[in-house]
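Kindly generate the complete structure, drawing on both the sequences and the hints.
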Amino acid sequence: TAVRQAVDDAQADASAAQNIQIECPPGPITVMVPAPLLNSALRNLIDNSLRHGAGSTVLVRVECADSGTVHFLVGDQGPGLTDEECAHAVERFWRRGGGGSGLGLAIVKAIAERYGGSLSLLRGAAGGLETKLIFPGYR
2 TAVRQAVDDA
12 QADASAAQNI
22 QIECPPGPIT
32 VMVPAPLLNS
42 ALRNLIDNSL
52 RHGAGSTVLV
62 RVECADSGTV
72 HFLVGDQGPG
82 LTDEECAHAV
92 ERFWRRGGGG
102 SGLGLAIVKA
112 IAERYGGSLS
122 LLRGAAGGLE
132 TKLIFPGYR
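With the numbering used here, letter number 52 in the sequence shown gets 53, and the count goes up by one each step, no holes.
Hints in this document: simulated from the structure, not taken from any laboratory. Here the structure is a predicted model, which means the values were calculated and not measured. For glycine and all other residues, C-beta sits at the position ideal for the given N, C-alpha and C. Heads up, a few of these hints could be off.
Stated by the list, open to error - Quick list of the computed label-pair ranges, beta carbon to beta carbon:
{"id": "1", "residue 1": "S121", "residue 2": "D67", "range": "11 to 21 Å"}
{"id": "2", "residue 1": "A111", "residue 2": "E64", "range": "18 to 28 Å"}
{"id": "3", "residue 1": "A127", "residue 2": "A88", "range": "15 to 25 Å"}
{"id": "4", "residue 1": "E24", "residue 2": "G128", "range": "17 to 27 Å"}
{"id": "5", "residue 1": "P37", "residue 2": "Q12", "range": "11 to 21 Å"}
{"id": "6", "residue 1": "S68", "residue 2": "R96", "range": "12 to 22 Å"}
{"id": "7", "residue 1": "R96", "residue 2": "G69", "range": "16 to 26 Å"}
{"id": "8", "residue 1": "P27", "residue 2": "G69", "range": "16 to 26 Å"}
{"id": "9", "residue 1": "T83", "residue 2": "R5", "range": "25 to 35 Å"}
{"id": "10", "residue 1": "R93", "residue 2": "P29", "range": "33 to 43 Å"}
{"id": "11", "residue 1": "G56", "residue 2": "R115", "range": "27 to 37 Å"}
{"id": "12", "residue 1": "E114", "residue 2": "E86", "range": "13 to 23 Å"}
{"id": "13", "residue 1": "A36", "residue 2": "L104", "range": "15 to 25 Å"}
Below you can see the structure in the form of C-alpha coordinates.
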(Lines of atoms letter the chains of each structure in order from A and count residues from 1; the text may use other names and numbers.)
(Lines give C-alpha, C1' and ligand atoms only; values in the text may rest on other atoms or scores of the structure.)
Protein backbone atom coordinates (compact mmCIF):
# COMPACT_ATOMS: atom_id res chain seq x y z
CA THR A 1 0.00 0.00 0.00
CA ALA A 2 1.01 3.64 -0.35
CA VAL A 3 1.15 4.03 3.43
CA ARG A 4 3.46 1.05 3.89
CA GLN A 5 5.70 2.27 1.04
CA ALA A 6 5.96 5.79 2.50
CA VAL A 7 6.78 4.40 5.96
CA ASP A 8 9.39 2.02 4.55
CA ASP A 9 11.00 4.85 2.56
CA ALA A 10 11.05 7.14 5.59
CA GLN A 11 12.53 4.48 7.86
CA ALA A 12 15.23 3.67 5.32
CA ASP A 13 16.33 7.30 5.27
CA ALA A 14 15.84 8.13 8.97
CA SER A 15 19.06 8.86 10.81
CA ALA A 16 17.68 7.41 14.04
CA ALA A 17 15.74 4.19 14.36
CA GLN A 18 12.46 5.74 15.43
CA ASN A 19 9.29 3.82 15.90
CA ILE A 20 6.53 4.30 13.34
CA GLN A 21 3.17 2.66 14.01
CA ILE A 22 0.55 2.14 11.32
CA GLU A 23 -3.19 1.76 11.86
CA CYS A 24 -5.17 0.93 8.71
CA PRO A 25 -8.59 -0.61 8.23
CA PRO A 26 -8.53 -4.05 6.63
CA GLY A 27 -9.10 -4.42 2.92
CA PRO A 28 -8.25 -2.30 -0.08
CA ILE A 29 -8.78 1.45 -0.11
CA THR A 30 -8.73 3.46 -3.32
CA VAL A 31 -7.70 7.10 -3.29
CA MET A 32 -8.21 9.30 -6.32
CA VAL A 33 -4.57 10.46 -6.44
CA PRO A 34 -1.68 9.13 -8.54
CA ALA A 35 0.38 6.75 -6.38
CA PRO A 36 3.69 8.68 -6.72
CA LEU A 37 2.03 11.89 -5.50
CA LEU A 38 0.28 10.15 -2.62
CA ASN A 39 3.58 8.55 -1.63
CA SER A 40 5.36 11.92 -1.81
CA ALA A 41 2.71 13.63 0.32
CA LEU A 42 2.68 10.89 2.98
CA ARG A 43 6.44 10.65 2.99
CA ASN A 44 6.72 14.39 3.63
CA LEU A 45 4.33 14.23 6.58
CA ILE A 46 6.12 11.21 8.06
CA ASP A 47 9.54 12.79 7.54
CA ASN A 48 8.38 15.97 9.30
CA SER A 49 7.14 13.98 12.29
CA LEU A 50 10.41 12.04 12.44
CA ARG A 51 12.44 15.26 12.20
CA HIS A 52 10.42 17.41 14.62
CA GLY A 53 8.79 14.81 16.87
CA ALA A 54 11.61 14.84 19.43
CA GLY A 55 12.22 11.11 19.05
CA SER A 56 8.62 10.19 19.84
CA THR A 57 6.71 7.40 18.16
CA VAL A 58 5.10 8.52 14.92
CA LEU A 59 1.57 7.23 14.42
CA VAL A 60 0.19 6.93 10.88
CA ARG A 61 -3.56 6.25 10.78
CA VAL A 62 -5.89 5.72 7.84
CA GLU A 63 -9.60 6.25 8.30
CA CYS A 64 -12.44 5.89 5.80
CA ALA A 65 -15.16 8.45 6.42
CA ASP A 66 -18.84 7.96 5.67
CA SER A 67 -18.55 10.97 3.35
CA GLY A 68 -16.48 8.90 0.91
CA THR A 69 -13.19 10.47 1.85
CA VAL A 70 -10.01 8.82 3.09
CA HIS A 71 -8.19 10.49 5.98
CA PHE A 72 -4.45 10.02 6.46
CA LEU A 73 -3.39 11.20 9.91
CA VAL A 74 0.25 11.47 10.93
CA GLY A 75 0.99 12.43 14.53
CA ASP A 76 3.84 12.66 16.99
CA GLN A 77 4.41 13.71 20.60
CA GLY A 78 7.06 16.35 19.90
CA PRO A 79 6.83 20.03 20.83
CA GLY A 80 4.15 20.66 18.20
CA LEU A 81 3.15 24.05 16.89
CA THR A 82 0.96 26.83 18.21
CA ASP A 83 -2.37 27.46 16.49
CA GLU A 84 -0.82 30.45 14.73
CA GLU A 85 2.16 28.38 13.57
CA CYS A 86 -0.20 25.66 12.29
CA ALA A 87 -1.91 28.27 10.12
CA HIS A 88 1.40 29.49 8.67
CA ALA A 89 3.21 26.15 8.35
CA VAL A 90 1.52 25.34 5.03
CA GLU A 91 2.75 28.59 3.46
CA ARG A 92 5.71 28.39 1.09
CA PHE A 93 9.08 29.00 2.75
CA TRP A 94 7.67 29.11 6.30
CA ARG A 95 9.89 27.29 8.77
CA ARG A 96 10.32 27.15 12.49
CA GLY A 97 13.79 26.26 13.55
CA GLY A 98 16.52 24.63 11.57
CA GLY A 99 16.41 22.37 8.59
CA GLY A 100 14.24 22.11 5.57
CA SER A 101 13.34 24.54 2.83
CA GLY A 102 9.88 25.43 4.06
CA LEU A 103 8.32 23.94 0.93
CA GLY A 104 7.29 20.44 2.01
CA LEU A 105 3.93 21.18 3.62
CA ALA A 106 3.11 23.71 0.90
CA ILE A 107 3.70 20.97 -1.69
CA VAL A 108 1.54 18.50 0.26
CA LYS A 109 -1.23 21.12 0.46
CA ALA A 110 -0.97 21.74 -3.31
CA ILE A 111 -1.23 17.99 -4.05
CA ALA A 112 -4.25 17.70 -1.76
CA GLU A 113 -6.04 20.66 -3.33
CA ARG A 114 -5.22 19.55 -6.88
CA TYR A 115 -7.03 16.25 -6.26
CA GLY A 116 -10.02 17.62 -4.34
CA GLY A 117 -8.59 17.09 -0.88
CA SER A 118 -7.25 19.14 1.99
CA LEU A 119 -4.43 19.35 4.48
CA SER A 120 -4.78 20.57 8.04
CA LEU A 121 -2.40 20.77 10.95
CA LEU A 122 -3.73 20.35 14.47
CA ARG A 123 -2.24 20.50 17.91
CA GLY A 124 -2.37 16.99 19.33
CA ALA A 125 -4.72 16.40 22.25
CA ALA A 126 -1.82 15.03 24.31
CA GLY A 127 0.79 17.36 22.79
CA GLY A 128 2.71 17.13 19.59
CA LEU A 129 1.29 17.73 16.15
CA GLU A 130 -1.20 15.86 14.00
CA THR A 131 -1.45 16.41 10.28
CA LYS A 132 -4.62 15.38 8.49
CA LEU A 133 -4.51 14.75 4.75
CA ILE A 134 -7.93 14.09 3.20
CA PHE A 135 -8.63 12.80 -0.31
CA PRO A 136 -11.72 11.57 -2.12
CA GLY A 137 -11.68 7.79 -2.18
CA TYR A 138 -13.66 4.65 -1.61
CA ARG A 139 -13.46 1.12 -0.25
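Is 15 to 25 Å respected by the C-beta to C-beta distance linking A127 and A88?
Distance hint for A127, A88 holds at roughly 21 Å.
Within 25 to 35 Å or not, the Cβ separation of T83 and R5?
holds (32 Å)
Determine whether the Cβ-Cβ distance between S121 and D67 falls within the hinted range of 11 to 21 Å.
Because 19 Å falls inside the window, the suggested range holds.
Range hint 15 to 25 Å (beta carbons of A36 and L104) holds or violated:
Because 21 Å falls inside the window, the suggested range holds.
Does the Cβ-Cβ separation between S68 and R96 fall within 12 to 22 Å?
violated (33 Å)
CB-CB spacing for Q12 and P37 relative to the 11 to 21 Å hint:
holds (19 Å)
Cβ-Cβ distance between A111 and E64: within 18 to 28 Å?
holds (23 Å)
Taking the Cβ atom of R93 and the Cβ atom of P29, is their distance within the range 33 to 43 Å?
The hint (33 to 43 Å, Cβ to Cβ) holds, given that R93 and P29 are roughly 35 Å apart.
Just tell me: holds or violated, for the beta carbon distance of R96 and G69 against 16 to 26 Å?
Violated: the Cβ-Cβ distance is about 35 Å, outside 16 to 26 Å.
E24 paired with G128, Cβ distance criterion 17 to 27 Å
Once the Cβ atoms are compared, 19 Å apart, the range 17 to 27 Å for G128 and E24 holds.
Cβ-Cβ distance between P27 and G69: within 16 to 26 Å?
holds (18 Å)
Within 27 to 37 Å: is that where the Cβ-Cβ distance between G56 and R115 falls?
Since the Cβ atoms of G56 and R115 sit about 33 Å apart, the hinted range of 27 to 37 Å holds.
Comparing the model with each earlier hint shows violations of hints 6 and 7; every other hint is respected.
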